[in-house]
Structure formats: C-alpha cells, structure tokens
Amino acid sequence: MKIEPLIKMANDIGNFFNSETDKEIAAEGIRKHILRSWDPRMRREIIAYCQQDGAALSDLVRTAVSRLEQA
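Okay, so the sequence shown: first residue is 1 according to the working numbering, each after it adds one.
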C-alpha cells in the first residue's frame, strides 16, 4: 500500500479533531479513531512512516500516531 493515501487520511482526521481546543483530547480522539477504523496493516504503515520521518503529518497527527506506537 502506498503511504500517501494514509497520510492524507490521517491528516484529514487530524483536521476534523483540530477544532477541539484541548489538543490532548484531540490527539486522543485521532488515536482512537485510527485504532478502531483502520486495519492493522494500515496502522503499522502509518506508525512506520512516523518513526522514519513523519514530515507530511501534522503535529497533532504525529502525536496521536506516536501514542499508537506505545499501545
């Protein structure tokens, strides 16, 4: 699977949650959404991308994905 569509989807999710003023709540919302909506292969790929570079992900999404790594 190409990483670009995953990056776009993750950033779109991040844009939705970015309206939350509490960024901790927003990051947790992104993490939960990815955890329940993405299949394990997609999660592994976005985590690997974040670990390698992650430059195309928003800061909020990088925070959420790094929490996926820890789970």
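Watch out, some of these pointers could steer you wrong.
Unchecked claim - Between beta-carbon pairs, the in silico distance windows are:
id, residue 1, residue 2, range
1, 2, 22, 31 to 41 Å
2, 1, 21, 25 to 35 Å
3, 56, 33, 25 to 35 Å
4, 22, 1, 11 to 21 Å
5, 15, 66, 31 to 41 Å
6, 52, 21, 12 to 22 Å
7, 41, 21, 11 to 21 Å
8, 18, 55, 27 to 37 Å
9, 33, 4, 30 to 40 Å
10, 67, 39, 16 to 26 Å
11, 59, 35, 12 to 22 Å
What the hints assert, rightly or not - Derived lysine-lysine pairs resembling PhoX-like cross-links, with alpha carbons at most 25 Å apart:
id, residue 1, residue 2
12, 32, 2
13, 32, 8
14, 23, 8
Please keep in mind that the hints were generated in silico from the structure rather than gathered at the bench. Idealized CB from N, CA, C, for every residue including glycine.
**Asked** Taking the beta carbons of residue 67 and residue 39, is their distance inside 16 to 26 Å?
**Response** holds (18 Å)
**Item:** Hint check for residue 21 and residue 1 - Cβ pair distance inside 25 to 35 Å
**Value:** Holds, at about 34 Å.
**Asked** That 12 to 22 Å hint for residue 52 and residue 21 (C-beta), does it hold up?
**Response** violated (31 Å)
**Prompt:** Does the Cβ pair residue 41, residue 21 satisfy 11 to 21 Å?
**Reply:** The hint (11 to 21 Å, Cβ to Cβ) is violated, given that residue 41 and residue 21 are roughly 33 Å apart.
**Distance restraint hint 30 to 40 Å, applied to the beta-carbon atoms of residue 33 and residue 4** = violated (19 Å)
**Message:** Run the distance test for residue 23 versus residue 8: straight-line Cα separation, threshold 25 Å.
**Reply:** holds (20 Å)
**Asked** For the pair residue 59 and residue 35, does the Cβ-Cβ distance stay inside 12 to 22 Å?
**Response** holds (19 Å)
**Prompt:** Are residue 32 and residue 2 close enough, with their CA atoms no more than 25 Å apart?
**Reply:** This hinted pair holds, its Cα atoms lying about 22 Å apart.
**Prompt:** Measuring from beta carbon to beta carbon, are residue 22 and residue 1 in 11 to 21 Å?
**Reply:** violated (32 Å)
**Request:** Could you say whether the range 31 to 41 Å given as a hint is met by the Cβ separation of residue 15 and residue 66?
**Result:** Since residue 15 and residue 66 have Cβ atoms about 18 Å apart, the given range 31 to 41 Å is violated.
**Prompt:** Does 31 to 41 Å hold as the CB distance between residue 2 and residue 22, or does it fail?
**Reply:** With Cβ atoms ~33 Å apart, the hint holds.
**Request:** Look at the Cβ atoms of residue 18 and residue 55 and judge whether their distance stays inside 27 to 37 Å.
**Result:** The hinted range 27 to 37 Å is violated for residue 18 and residue 55, with Cβ atoms some 18 Å apart.
Taken one by one, the earlier hints fail for this structure at numbers 3, 4, 5, 6, 7, 8 and 9, listed in ascending order.
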